[in-house]
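Engineer: Next come the chains, spelled out residue by residue.
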Amino acid sequence: AQKVTQAQTEISVVEKEDVTLDCVYETRDTTYYLFWYKQPPSGELVFLIRRNSFDEQNEISGRYSWNFQKSTSSFNFTITASQVVDSAVYFCALSVPNDYKLSFGAGTTVTVRA
Amino acid sequence: KAGVTQTPRYLIKTRGQQVTLSCSPISGHRSVSWYQQTPGQGLQFLFEYFSETQRNKGNFPGRFSGRQFSNSRSEMNVSTLELGDSALYLCASKKELNTEAFFGQGTRLTVV
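These protein sequence lines map, in sequence, to chains F and X.
Residues 321 to 434, numbered by the working numbering, are exactly what the first sequence covers, in order.
Residues 354 to 465, numbered by the working numbering, are exactly what the second sequence covers, in order.
Just so you know, not all the hints are guaranteed correct.
Taking lysine-lysine pairs in the DSSO-like style, the calculated list, with each CA pair at most 27 Å apart, reads [to be verified]:
#  : chain 1 : residue 1 : chain 2 : residue 2
1  : X       : 447       : F       : 323
2  : F       : 358       : X       : 410
3  : F       : 323       : X       : 366
4  : F       : 358       : F       : 390
5  : F       : 390       : X       : 447
6  : F       : 390       : F       : 323
7  : X       : 448       : F       : 358
8  : F       : 323       : X       : 448
9  : X       : 448       : X       : 410
10 : X       : 410       : X       : 366
11 : F       : 323       : F       : 358
12 : F       : 336       : F       : 358
13 : F       : 358       : X       : 447
14 : X       : 410       : X       : 447
Computed, partial: chain F to chain X, Cβ under 8 Å [claimed, not checked]:
#  : residue
15 : 349
16 : 424
17 : 427
Rather than coming from a laboratory, the hints here were simulated on the basis of the structure.
Built from N, CA and C at the ideal position, the CB exists for glycine as well.
My request is simple: use the sequences and hints to build the entire structure.
Structural biologist: The following block contains the structure:
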């Protein structure tokens, strides 16, 4: 069974501060897929990024960056220079081949204050 | 390109009734999956359909069922509603099984 843990329940920052969201995952599969989703108050889950287990290269996309470390089973996500519009609940998720359902963490509520 | 469309957005039903929720996936996407979101249990997988076949089912009672049509649109049905079925029901579509899922805005079901 797959498990995703997001230990941070809530994070509150002032605009322009960086925010790092932690995600730890558990799976016995050697091939797996990791995701980050954002859920604004409207309710829709917005896809942000996806990483395959065989690709540990970390990247930056605009104000978003992620740090995938297999050795510690972590997939952390950073928002640089946060903005009020970044306020939302952020979910980390995991899926594996032959199953493909998303196993979500409990989510981290990010509040960015002006 | 239109996103995933779920109807209705809000529903209020009485215990014991049944309800049908609808989901239209992104054009060209063949997979549709359903998730239930509640404050207590978080996001939980209900089932996934691919090319009209149910590929996977979550740990929910038989009162929860679904289907997918030839145009990839999907419906989810809950019979004999219970108070605990009150939740946000999210539908997601994927182009293929191993690609990222795109979600609709959800249907908020309240059972009274």
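Engineer: Need the status of pair residue 390 of chain F, residue 447 of chain X: alpha-carbon distance at most 27 Å?
Structural biologist: holds, 26 Å
Engineer: Starting from residue 358 of chain F, check that the Cα of residue 447 of chain X is at most 27 Å away, please.
Structural biologist: holds, 17 Å
Engineer: Check the hint pairing residue 336 of chain F with residue 358 of chain F against an upper bound of 27 Å on the C-alpha distance.
Structural biologist: Holds: residue 336 of chain F and residue 358 of chain F sit about 19 Å apart, inside 27 Å.
Engineer: Does the interface hint hold: is residue 424 of chain F within less than 8 Å of chain X, judged Cβ to Cβ?
Structural biologist: holds, 4 Å
Engineer: Starting from residue 390 of chain F, check that the Cα of residue 323 of chain F is at most 27 Å away, please.
Structural biologist: holds, 15 Å
Engineer: Against chain X, with CB atoms and a cut of 8 Å, does the hint on residue 427 of chain F hold up?
Structural biologist: holds, 7 Å
Engineer: Under the criterion that the straight-line Cα-Cα distance not exceed 27 Å, is the pair residue 448 of chain X, residue 358 of chain F satisfied?
Structural biologist: holds, 20 Å
Engineer: Just to be careful, I want the Cα atoms of residue 323 of chain F and residue 358 of chain F compared with a cutoff of 27 Å; is the pair within it?
Structural biologist: holds, 19 Å
Engineer: Does residue 448 of chain X pair with residue 410 of chain X here, judged by a C-alpha cut-off of 27 Å?
Structural biologist: With a Cα-Cα distance of about 19 Å, the restraint between residue 448 of chain X and residue 410 of chain X holds, given a limit of 27 Å.
Engineer: Has the given pair, residue 447 of chain X with residue 323 of chain F, been kept, meaning a C-alpha gap of at most 27 Å?
Structural biologist: Judged against 27 Å, a Cα distance of about 22 Å means the pair holds.
Engineer: Checking one constraint from the list: CA of residue 410 of chain X to CA of residue 447 of chain X, max 27 Å. Satisfied?
Structural biologist: holds, 16 Å
Engineer: If you draw a straight line from the CA of residue 410 of chain X to the CA of residue 366 of chain X, is it 27 Å or shorter?
Structural biologist: holds, 24 Å
Hint check: violations occur at hints 3, 15; the rest are consistent with the structure.
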